[in-house]
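**Student:** Residue strings, one per chain:
Number of protein chains: 2
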Amino acid sequence: MSPTRASAGAAPYRAAQPDGSNPTADNPIAPDGTPQLDRDYLIPARQGRAVRLKRGQRLTITNPQGHQVCDFFAITANSPAEFLSMEHCRTALGRIFVKSGDRLVTNRRRPLIEIAEDSSPGVHDILIAACDHTRYQQLGCTDYHDNCADNFRMSLAAIGETPRHVPCPFNIWMNIPVAKDGTYDWAAPVSKPGDYVVLRALEDCIAIMSACPQDMTSVNGVGTVPAELVVKVGE
Amino acid sequence: MSPTRASAGAAPYRAAQPDGSNPTADNPIAPDGTPQLDRDYLIPARQGRAVRLKRGQRLTITNPQGHQVCDFFAITANSPAEFLSMEHCRTALGRIFVKSGDRLVTNRRRPLIEIAEDSSPGVHDILIAACDHTRYQQLGCTDYHDNCADNFRMSLAAIGETPRHVPCPFNIWMNIPVAKDGTYDWAAPVSKPGDYVVLRALEDCIAIMSACPQDMTSVNGVGTVPAELVVKVGE
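Residue numbers (full-length UniProt numbering), protein chains in the order written: chain B, 1 to 235; chain D, 1 to 235.
For the record, the hints were derived by calculation from the structure and aren't laboratory data. By construction, the Cβ of each residue, glycine as well, lies at the ideal position given by its N, Cα and C atoms. Keep in mind that the hints are not guaranteed to be accurate.
Derived CB-CB ranges, DEER-like [to be verified]:
| # | chain 1 | residue 1 | chain 2 | residue 2 | range |
| --- | --- | --- | --- | --- | --- |
| 1 | B | S79 | D | T142 | 21 to 27 Å |
| 2 | D | P18 | B | D181 | 41 to 47 Å |
| 3 | B | D32 | D | K54 | 42 to 48 Å |
| 4 | B | D19 | D | S100 | 45 to 51 Å |
| 5 | B | P111 | D | K54 | 38 to 44 Å |
| 6 | B | P64 | D | Y41 | 55 to 61 Å |
All chains should be modelled from the sequences, with the hints used to inform the complete structure.
**Tutor:** Here it is, written out as structure tokens:
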């Protein structure tokens with residue numbers, strides 16, 4: 001497989017692995033996704049990982065390079081039909097962005113994830129769909145391109161779970177400034193190397209994270225390549 | 001069943017039927033949802049209806065009172081897993097609102113519905129989740145309240161279809177002005193009596209419409225009660 005890019009002058013597309021495949025489905029953090037506490041888990045560039053969280057546990061997502069977006073999803077432990085839902089969050093919050101202290105809700109309007117800490121300037125997105133195969137085709141890619149929708153599916157497949165659909169993600173560090181006229185830009189993150197977000201699970205759930213492989217817009221920085229993330233679970 | 005409202009001074013809640021039940025599931029426009037062309041179908045206040053559309057057909061939704069919001073959904077004819085998706089529309093459009101001429105896309109980023117005509121000032125919403133049982137409980141309702149999520153499910157049940165989940169709707173005539181700081185208001189519609197929107201099906205699909213029963217915020221007008229809609233399908 002040899003993914004190619006149509007963007008004139010862009011750096012050659014680099015897949016998660018040299019052969020163009022993405023090993024997310026074969027690399028769970030543990031067979032059932034249960035983490036060892038206080039252990040750092042790497043999410044390699046362009047890949048995803050699913051992590052089971054118990055109520056009250058804190059998930060720290062660190063951005064070593066500072067410019068990397070994390071597409072974040074969560075589904076409740078006992079029902080794949082209940083998931084973190086951005087349209088319900090917007091309704092609950094009364095705004096189209098999140099900030100530290102917010103309690104993010106599911107499609108059943110139950111609080112599931114709290115933004116407990118945020119070392120970054122707090123610029124995140126709750127408006128934009130996860131990138132997927134079609135998105136890259138529309139951007140000019142002519143072969144497979146790693147994408148957050150497949151990372152979501154593969155991360156769950158890796159721990160034996162099958163999602164019903166791909167919800168709209170909470171795009172941590174993604175910078176989508178909305179103008180007064182309702183248009184928006186695909187801007188570079190304003191986070192810095194080492195920034196982290198701490199999310200607290202308000203119910204038992206599965207957190208799914210994708211180190212967004214987007215390299216055909218500026219959402220993972222300008223002059224940079226998609227990078228890794230590090231996650232850790234603590235009490 | 002006797003739905004009640006907690007809002008001080010608000011008019012008593014009036015359900016779709018005097019006994020508090022909602023007859024949407026028992027009143028399809030036809031057993032399989034296929035419309036007679038150029039015939040007006042009433043969507044009574046607080047109820048929903050599903051209508052099968054063939055590629056190229058035009059669906060006219062009329063707002064007789066002018067202040068009534070229509071929660072609009074669409075799923076493709078052959079796959080309940082493919083549906084009109086607001087987060088994918090925002091990505092495709094580059095803005096957080098729609099306008100006449102827009103082609104709205106599915107979760108697979110395929111154009112499904114075109115806004116062919118709009119007699120109203122064009123103020124619609126693509127940010128807010130469908131109202132549901134929990135929403136009304138959170139607003140202070142202590143018993144069942146008609147809601148767009150149940151209308152969506154019942155409209156499809158009425159024609160023998162079972163959805164996987166309730167997608168974020170295209171809220172026609174719903175006025176959610178977003179301020180520069182990202183907060184928004186629940187404002188009254190700016191549409192006028194008799195306003196209509198014409199939607200063209202770009203693929204065979206099922207359109208699902210709910211005459212939004214919201215009477216605990218201002219989205220269906222101030223000093224008004226939820227009203228009916230009229231739909232018609234033509235070539």
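**Student:** Please go over all the hints and tell whether each is borne out by the structure.
**Tutor:** Going down the list of hints, with the structure as the test:
1. S79/B - T142/D: 21 to 27 Å: holds (25 Å)
2. P18/D - D181/B: 41 to 47 Å: holds (46 Å)
3. D32/B - K54/D: 42 to 48 Å: holds (47 Å)
4. D19/B - S100/D: 45 to 51 Å: holds (47 Å)
5. P111/B - K54/D: 38 to 44 Å: Holds: the Cβ-Cβ distance is about 43 Å, inside 38 to 44 Å.
6. P64/B - Y41/D: 55 to 61 Å: holds (58 Å)
In this structure, none of the earlier numbered hints is contradicted; all agree with it.
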